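Which chain is which? The protein sequence lines are A and B, in order. If you read the first sequence in our numbering, its first letter stands for residue 1, the second for the next number, and so on. If you read the second sequence in our numbering, its first letter stands for residue 1001, the second for the next number, and so on.
Since the hints were derived computationally from the structure, they do not count as laboratory data. Note that the structure is predicted; figures quoted are calculated from it, not measured. Virtual Cβ for every residue (Gly too), placed ideally from N, Cα, C. Nothing false has been slipped in among the hints.
From the structure, some residues in chain A lie toward chain B, with a derived Cβ separation under 7 Å: (1) D123; (2) E126; (3) M270; (4) R293; (5) N297.
Below are the PhoX-like pairs computed for lysine-lysine, each with C-alpha atoms no more than 20 Å apart in a straight line: (6) B:K1160 <-> B:K1246; (7) A:K272 <-> B:K1106; (8) B:K1162 <-> A:K266; (9) A:K265 <-> B:K1182; (10) B:K1079 <-> B:K1206; (11) B:K1162 <-> A:K265; (12) A:K265 <-> B:K1160.
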Amino acid sequence: MSLRILLGFVFTLTCCLVKAAPLQMEALDHDIYVHHGVHEDLSENYHGDICNISFIVGSKGIAVIDTGGSLKVGQQLHEAIRKVSSLPILYVINTHVHPDHIFGNAAFLQDKPIFVGHEKLPDAMERRRENYLRINQQWLGDAFAGSEIVKPSALVKGTLKLELGDRTLLLTSYPTAHTNTDLTVFDNKSSTLWTGDLLFVERTPSIDGDIKGWLSVINELKVHEAENAIPGHSSILKDSNWKQQLNNEERYLWTLLNDIRASIKKGEVMEKAMSTAAASERSYWQLFDIVNRRNVNNIYPSLEWE
Amino acid sequence: MFKRTLLIGCLSFMAFSNLASAESDPKKWPVVRESFFGDRPMAEAPFISFTAPRRAESGAQVPLEMMVDQTQADANAIKTIYLLVDSNPIPLTATYHLTDKLGKFKLSTRIRMEMDSYIRAVGETADGKLYLASVEIRAAGGCGGTVDGDEKEIRAAAGKIKLNVESPVKLGEATQTTFMIKHPMRTGLQRDLVSQGFVPAFYIQKAAFTYNNEKVMDVDIGVGTSEDPYFRFNFTPKAPGVLAVKATDNEGKEFSQQTEVR
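Bound-form chain A, shown alone (with noise of 0.2 Å):
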């Protein structure tokens, strides 16, 4: 933890500097490398720099898989890319429209990959363009400069496959679940899954989409057949069982609707259950308090028509 909070103030010294400082990346097997964001929350002490963020070396080129909350981070990426392969960046994919895995972008555009997302993806991000941008830049300040929303080009609907070279990317959209715009990558290579933030790990999994929609993902995404997955968020990916990852986030979410159903038989007020729906989970999550509210907020008024 020490260490994250050194390297985070060294990044906070270089920011000043032209060149932005390398992220600082985890070396997996098969040429995959990933930076874990910190656990904030989107708000106040939020610094563009919370999820996980990853790329992919084939022979013929590299694939991103999300660029992070601001063109800095995309930078700093960019710049991580470049010390591993001077191969070029192929293509530039986000897993769901949220600001923290798509204000990095702006950073690939010099290198002209294929952006690629959901088929829902451009809609969502225009949608929420002037909100994110004002949002992020108030949170952020100088740190979110020349950060803009850059659409993908390449669009999944179903699944769709992606080459470099030695290895294939498997794609996959799905139904409306954590967000519209959910997009899984599987390198068949290393038998690992991007699951971006339909996986929740350490995290309290936030609902901007569809509770009922993600509890049927979760169910597919159970019997997928992937060895290794690597989240949306994560302080380190130590945990290879990311099915009972999956379980845990699959327990979390069927508590949070089964006690809001249970508020609204017995006739109380959203309010209410605000401080009480999912309450048995509050240890075994971060920033439980504050994203657990926020779920309830969202979901409650359309439970309320069941």
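Based on the hints, put chain B in the right spot on chain A.
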């Protein structure tokens, strides 16, 4: 055409306000106040109070409760309450027209908030005196909306009403009533990617509540009221009867529902 220009105006206003500080901007109120009430005098209203979060978890559905600690028998009885959100592109969120059947006015609703803002309840008496109560809420992103879904299904479901009265009812006492109406409440500010313009406004604009055919409360509803408008309020039935509601959308369609109280 006029409407389109107006909407673009709203958006430019929003863009300009980026420059303002992150916290609720008190400078907006004089402008909003003047546009709605001109130079009419306004007194503080200690008898109007709010229950609201300091920070809203979701700008799309901010829970807000208003209470007026007086009845219609009071010399300065409030007949109308204007609910305004200073920093929303369209500040007027709802107007509540009260009657003596409500007893002491107490109403919970859910509103949209685009950014940190002061919320204002302006009460108006029968002879036109104005009273003001304010509360500050920090929030983000409730107006742009993330419209999605099948248009046919949304239209088919729009207007479905749930009306519930607390039971068993205690005649002559404050009785909790919940009204919900399914509706997307499109603001007119949401982008239409096909036309490169805006998705037209589509919202419930009025709900009129009656008890045994006598007026209980009329609400003029604006797009600052959240999707699937929600009102939970007290009214005082003196005898068994039928509570009815008639809602109207901005396209002129009417929706109604009633429930027996006994």
